[in-house]
Amino acid sequence: MSQSVEYIGLGKVLKEVCLREYLCAFRHRQAFINPLVFFAIIIALFPLGVSPDPKFLSMASVGVVWVGALLSTMLSLDNLFMKDYEDGSLEQFVLSAQPLYLIMLAKSFVHWTLTGLPLIIISPLLAMMLYLDFEHLPALMLTLIMGTPVINLIGGIGAALTVSLRSSGVLVSLLVLPLTIPVLIFATGAVQASIDGASINGYIAILGMLLMLSITLAPFATSAAIKLSVSN
Amino acid sequence: MKWTFFHKLGSPKWFFDISGKLLPWFVVTGILLLVIGSIWGLVFAPKDYQQGDSFRIIYLHVPTAILAQSCYMMMAVSALVSLVWKMKLADIFITSAAPLGALFTFLALFTGAVWGKPTWGTWWVWDARLTAMLVLLFLYFGVISLQSAIDDIQLASKATSILVLVGVVNIPIIKYSVEWWNTLHQPATFKLTEKPAMVPEMWMPLLVMVIGIYCFFTAVVILRMRNEILMRERKTKWVQAFIFK
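Protein sequence lines, in the order shown, are assigned to chains F and B.
The first sequence begins at 1 in this note's numbering and counts up one residue at a time.
The second sequence begins at 233 in this note's numbering and counts up one residue at a time.
Keep in mind that the hints were calculated from the coordinates and are not lab data.
Some clues are possibly wrong.
[Stated by the list, open to error] Straight line, CA to CA, 20 Å or less: simulated SDA-like cross-link-like pairs of lysine to any residue:
# : chain 1 : residue 1 : chain 2 : residue 2
1 : B       : LYS253    : B       : THR450
2 : B       : LYS407    : F       : LEU177
3 : F       : LYS227    : B       : LYS253
4 : B       : LYS407    : F       : LYS227
5 : B       : LYS253    : F       : LEU177
6 : B       : LYS407    : F       : GLY197
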């Protein structure tokens, strides 16, 4: 039997998917800069709208940074599958011989490095503008590092469910935001514990559990939803 | 016992026939139990020694709250059935039950607020169970809006099933996260494993109300499902025969 089609291994497919994602993102830079600017604007709006009092702001800072991170991640979810759906590459992913589960996981990972990571990098600056003490910054960073991938992964499910719809912006947030509440609670709880001088290990352990659960389970739902949206 | 009866329930046509015969029973039992339960609970049940008459809203609050949660569980089971066995009726159930679930969640929150004012002194607190119910309400809204956003009915049903299943994984996590976060609400009134802490004169009408509201829910769901079946199967011969007979 002659094998005319070259078999491409899983590792190579995943590498190509990641490289392609980075290339596409590089060519649409603005789409990834906008959520960051949005994040900064939300945080700037808060002292203007509520109170510029340093005491109050330092109390609210963790929550404000986290809610800002949630909202700006919701905004970036449009980028995740929309272009791939329109140019048909999503169908190629579904048709690929390699598991869609892992391809979706790779896509989510790349998306996180492009949206979550920059957000984590600028968040200490913004948190300090809200008078969060310097010594609590590591706790905030740690919760963001563990929490934003969870939001990205859960958000991926919502984005995959709505990718075939024309106007999906608000709908994705409506579907995804209620599901991200545990992340918000434990992340802000951890930083609050750090401010109170308590141990943050318990909160971090639970965040780690949420991260593991969403890495293992969310891509299943995402790939099921992608298959559904593509079949439309 | 013949199981063909049970299998027939999976086909829209047979479900339509059988549910039509069952419907009056559920309507009559539901209304009867609700009337008996509310009169018994509101007039004859003894006063609470601490809360006086204001505790009587429990006869509306607890049944709606129980149903709000169990409606989501029923939807989750249907979602699994719909995704695994691709049964049409499971999709139809989710479509029909979601707005009712949202309604009961809202009623539970509303009666809770009315009860909270005299006993806790406030309409709303950011307490674990209240917050979890509020999130449940948002989940119902998400299901309803996803269902109505997709034009293709088959596709909408499958997408909704995935969302419902994702939600059911998250419900225990949300429940425990908000419980550790902040709590004031009393523990559950009824537990299957324990004897209720109330006297029988107080919990008997409550039990009647719970069963009554389940009957009422079943009756309304059957009505909504029958409408949905007629709408979705409108091109089949039996529906046209039924309508133009």
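Which of the numbered hints are not met once you compare them with the structure shown? Failing hints, ascending: 3, 4, 5, 6.
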